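There are 2 protein chains.
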Amino acid sequence: MAVMNYLTQCTFDFGALAQLPKVLKGLGVARPFVVTDPGLKANGLLDRLLAALGAPPAGVFADTPANPTEAAAAQAASGYRAAGADSIVAFGGGSSMDLAKAMGLMVSHDGPFARLGASQRGSRHIGAIPPLVAVPTTSGTGSEVSPGAVVILEDGRKETFVSPRLVPLAAICDPELTLGLPPLLTAATGMDAMTHCIEAVLSPVVHPPAEAIGLDGAERAVLWLERAVKDGRDRDARWHMMMASFQGALAFAKGLGAVHGLSHALGRIKELKLHHGTLNAVILPHSLAMVGDAAPEKFVRLRRALGLAPGADLAQAIADLNARLGLPASLSAMGVGDAHWPGAREYAVSDLATLTNAVPFDVEKYDELFKRAL
Amino acid sequence: MAVMNYLTQCTFDFGALAQLPKVLKGLGVARPFVVTDPGLKANGLLDRLLAALGAPPAGVFADTPANPTEAAAAQAASGYRAAGADSIVAFGGGSSMDLAKAMGLMVSHDGPFARLGASQRGSRHIGAIPPLVAVPTTSGTGSEVSPGAVVILEDGRKETFVSPRLVPLAAICDPELTLGLPPLLTAATGMDAMTHCIEAVLSPVVHPPAEAIGLDGAERAVLWLERAVKDGRDRDARWHMMMASFQGALAFAKGLGAVHGLSHALGRIKELKLHHGTLNAVILPHSLAMVGDAAPEKFVRLRRALGLAPGADLAQAIADLNARLGLPASLSAMGVGDAHWPGAREYAVSDLATLTNAVPFDVEKYDELFKRAL
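Respectively, the protein sequence lines represent chains P and Y.
Note that this note's numbering gives residue 1444 to position 86 of the first sequence, counting from 1, and the numbers run on in steps of one.
Note that this note's numbering gives residue 1398 to position 40 of the second sequence, counting from 1, and the numbers run on in steps of one.
Next up, chain P with everything else stripped away, as it sits in the complex:
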């Protein structure tokens, strides 16, 4: 059982879920409140979590929407308060973990929730939240180790909340929990991890340890993602994809880029209900094509990590990988149309991830990226 301490204490391996009571005890808490989603309640995974907990939790919120919203977090927060809970167990994919972080902020911070957002320079107002243990059930978001949460606010903006206080105190990464993930969700979440690794490597922020982790995560994802998609019961592939996801989030300590800027902007369009990882996968090749020759040394290292020949077309290689994984080839194929862009472009430009893109990105650049990806 690997116990790794960087930003978070992480217990990582098949069977790690059984460590949950010990981890909670180590944090000195006794009344955890579980945040999860309807899918995990339906497919029996929530029951496995509850069984691992031993004693019943203080309460459960199982209504996390596909893209977490301020309203849902507020609802969970009432549940938390009513239950007299003293800690949080976030169980699920990025949505459940981010919703748990948002709920944690709400139960420990007064005033309007939106003021804590990164676009309002809200990080300085963020203090401690209740002890949070994250138990991911997908391999992609890396929210179990990241200092961020992305939430759709009441005013419609998709806002990022960032603070070291939002890094879960502990993560339990048990690849067993991902064995039943369907192929398309495996592919989409896996490409989310891949995008984290690649955008983090390309970010101009100087952070060689994070960059090394990103390169390793990208190498791991390209070696194992297709196997995990082809055979969901392939335990080695599931282990490595959960690790790639973990590494992606450690890597993006140095920032993300325009793929995430555009993905967040489109992800907030309610009627489309677009999956974050799928959006990233579809946009990534086009963003890479636009970086072009601006980051030659990093492209050399990325090609090496991805097992490509020197000088190979990185953008095309990712597009080919998407095709082999059965992911859509364009935003149009996901239901996005030209009409969606005017209302989204400003959100992309003002997204936190835009600040650390490989090359400076303004509205015109985003217009081009959207057009290419459409």
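Among these hints, one or two may not hold up.
[As the list claims (entries may be wrong)] Calculated lysine-lysine pairs in the DSS-like style (CA-CA distance at most 30 Å, straight line):
#1 Y:LYS1723 <-> Y:LYS1656
#2 P:LYS1588 <-> Y:LYS1656
#3 P:LYS1656 <-> Y:LYS1656
#4 P:LYS1656 <-> Y:LYS1588
#5 Y:LYS1399 <-> Y:LYS1380
#6 Y:LYS1588 <-> Y:LYS1631
[Said to hold, decoys possible] Partial list, computed: chain Y residues near chain P (C-beta under 8 Å):
#7 LEU1537
#8 PRO1566
#9 ASP1574
#10 GLN1605
[Stated by the list, open to error] What the simulated footprint calls covered on chain P by chain Y, stretch by stretch (three residues with Cβ under 8 Å from a Cβ of chain Y suffice, anywhere in the stretch; the number is not a length):
#11 1561 to 1573
#12 1600 to 1611
What the hints contain is simulated information worked out from the structure, not anything from laboratory work.
All of these numbers come straight from a predicted model, not from anything done at the bench.
Here a beta-carbon is modelled for each residue, glycine too, at the ideal position from N, C-alpha and C.
Following the hints, complete the assembly by docking chain Y onto the known chain P.
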């Protein structure tokens, strides 16, 4: 200015030394006690530290020996107490930083110092030490970010002290401070960093993020160490070697190996006064030869990181690098003889690093390693 948070908050770049007052203020301390060595007092670097501090420190201990001892740490501890200090600034190479950690333990822990040692399972007795800021002046040890300190005890043992409490709260890595390091010391400390990276990668402990950082650090060291040795004023080379050192220590979160076991055992022989980094450099090729085919996948990745052809002889490549760097080719050349071994071998076997060697190492294996390296 890169601010990187993994185990330690690290401010890293030319000119970072100027951030020292801000970092101390951020930690809420006002009376730092400086721990350094006679060389840095003589060559003027200590004056630069004091100038950067602005206000005079509570006190200075500048008598750190080449290999830190319990006696010297006790002397520094009296100075610390007499000065009414509230924090520690460790300024120097591994010796000053490790002595500062030992002093920190002494001023905050009652009872015999030796009981806190790793061989006595003393980590569980280690609580908080005064806030410690590390400012390295060599590129090798990585003690500025490591949870360990190595100290020669009164009874003659070279003991390792390990605890997350010994990770400095902040590190200030300013390559400017290494511009004047003489070629041989640059080479020896640089190979210490290289050994950390390689032994950490080879350790069987599962920790992919640390392994990725180790591979990146090894690649960096092989690219830049010769340049730093050839021209000490090469600022790029100095930057990268300080980074390789930092990465080596992040990497050895997953453990070290027999090179360090043997190096610690020989480093405690008082009359020889052997340099830790030089010992590591000399022993490393022989240890790699003994690992042989036991870790084929890791050897593939190490060869790639070091820019070697597939199937190249890794041990020979390190021996060749040592030669180009002007380092000794054998322990004999350093003054070690057969007669030193009987008194040292038990220390090697019982060294903490032995537990995580690439292949299990017993007394016979150490006999062979010593014989090869002699």
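### Message
Output the indices of the hints that this structure fails to meet, ascending.
### Response
7
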